[in-house]
Amino acid sequence: MSAAVSNDRKRGKKRYGGGHGNKRWKGSRELEVGMQGILITCNMNERKCTAEAFNLLNEYADQLYGPEKLQENNGSSSDGEAEEEDVDVALKKEVAQLKASGAKRERRFMALDSGANNVIFIKTQNIEADKLVHLVLSDLHTTKKHKSRVILRMLPVTGTCKAFQEDMVKYLATFLEPWFKTPNCGTYQIAFKARNSSHNKRDEIIKTIAGMVGKLNPKNKVDLTNPELTIVVEVIKAVCCLSVVKDYSLYRKYNVQEVVKEDTPKPDAETETPGEKDEKDEKDEQGEKDEGDEQGGEKR
1 MSAAVSNDRK RGKKRYGGGH GNKRWKGSRE LEVGMQGILI TCNMNERKCT AEAFNLLNEY
61 ADQLYGPEKL QENNGSSSDG EAEEEDVDVA LKKEVAQLKA SGAKRERRFM ALDSGANNVI
121 FIKTQNIEAD KLVHLVLSDL HTTKKHKSRV ILRMLPVTGT CKAFQEDMVK YLATFLEPWF
181 KTPNCGTYQI AFKARNSSHN KRDEIIKTIA GMVGKLNPKN KVDLTNPELT IVVEVIKAVC
241 CLSVVKDYSL YRKYNVQEVV KEDTPKPDAE TETPGEKDEK DEKDEQGEKD EGDEQGGEKR
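Residue numbers (the UniProt record's numbering): 1 to 300.
Worth flagging that the hints you see were computed from the coordinates, not collected in a lab.
Predicted, not measured: the structure shown is a model, and the values here were computed from it.
Misleading hints may appear alongside valid ones.
To be verified - No more than 27 Å apart at the CA atoms, straight line, and that leaves these computed lysine-lysine pairs for BS3-like: (1) 162 with 207; (2) 131 with 144; (3) 237 with 170; (4) 219 with 246; (5) 201 with 246; (6) 170 with 215; (7) 207 with 170.
Work the whole structure out from these sequences, hints included.
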């Protein structure tokens with residue numbers, strides 16, 4: 001192979017990402033206990049996913065909270081059609097703005113390393129992540145307008161704790177009260193998923209949480225067809241991310257690719273157990289690969 005051909009191929013890889021779309025950028029922080037934000041899954045290309053997430057979240061955050069004063073939106077777009085080089089520009093711009101703001105104030109959105117492949121964590125500041133994500137999904141469901149190419153699911157994280165059962169039970173005892181403690185009650189399901197964590201068993205965790213919900217108010221009932229609330233439990237390594245969300249089934253498990261599709265009738269549920277109907281839905285959502293959800297798949 002000639003040197004010229006070899007150089008051309010190297011330039012082509014650099015121009016189009018060269019398979020490094022999932023490589024973490026230098027100096028990135030990691031998801032930690034105590035943080036709140038949004039978990040976002042993608043089908044490869046985390047850098048592109050991050051750029052899309054900033055555009056999409058800022059668009060709807062502006063509607064709820066007004067424009068962020070420190071942020072410059074010139075030239076930004078939310079249609080997900082930017083080339084790979086534009087993604088790099090957007091990320092470099094974000095880093096530059098973070099450095100410029102320094103200790104003065106944290107940005108309302110900050111991308112962190114989640115600790116799992118094909119998952120990014122957007123830390124939020126002075127933002128109600130559950131309301132923001134619900135607004136995004138609600139608008140996409142109504143308009144059926146595609147605003148992302150690589151983002152799959154957007155899951156708000158309104159609480160975090162250590163991913164050990166005793167810590168989770170202690171934290172959930174108070175975390176669940178606003179939705180399920182008497183006089184509050186509702187129908188619910190539990191959506192549990194673990195990535196790079198082998199010390200939590202799905203069925204055991206779901207059974208434990210269901211028992212806690214029942215003790216808070218016996219009127220709380222399981223509904224896997226159309227629950228009012230879904231308790232989302234996402235474990236990544238040693239961190240457990242939690243939220244209680246509305247319209248989880250209606251908005252296709254908060255999948256931005258699925259929610260813009262035309263609605264189709266759903267079959268009736270056959271059994272009533274606290275967890276989601278089956279695990280197949282969690283295996284592959286629009287190409288999201290989860291072979292390493294229970295063990296392995298760790299970022300390197």
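Hint-by-hint comparison with the structure:
no., hint, in the structure
1, 162 with 207, "19 Å, holds"
2, 131 with 144, "19 Å, holds"
3, 237 with 170, "19 Å, holds"
4, 219 with 246, "18 Å, holds"
5, 201 with 246, "25 Å, holds"
6, 170 with 215, "14 Å, holds"
7, 207 with 170, "15 Å, holds"
The structure is consistent with each of the numbered hints, conforming to all of them.
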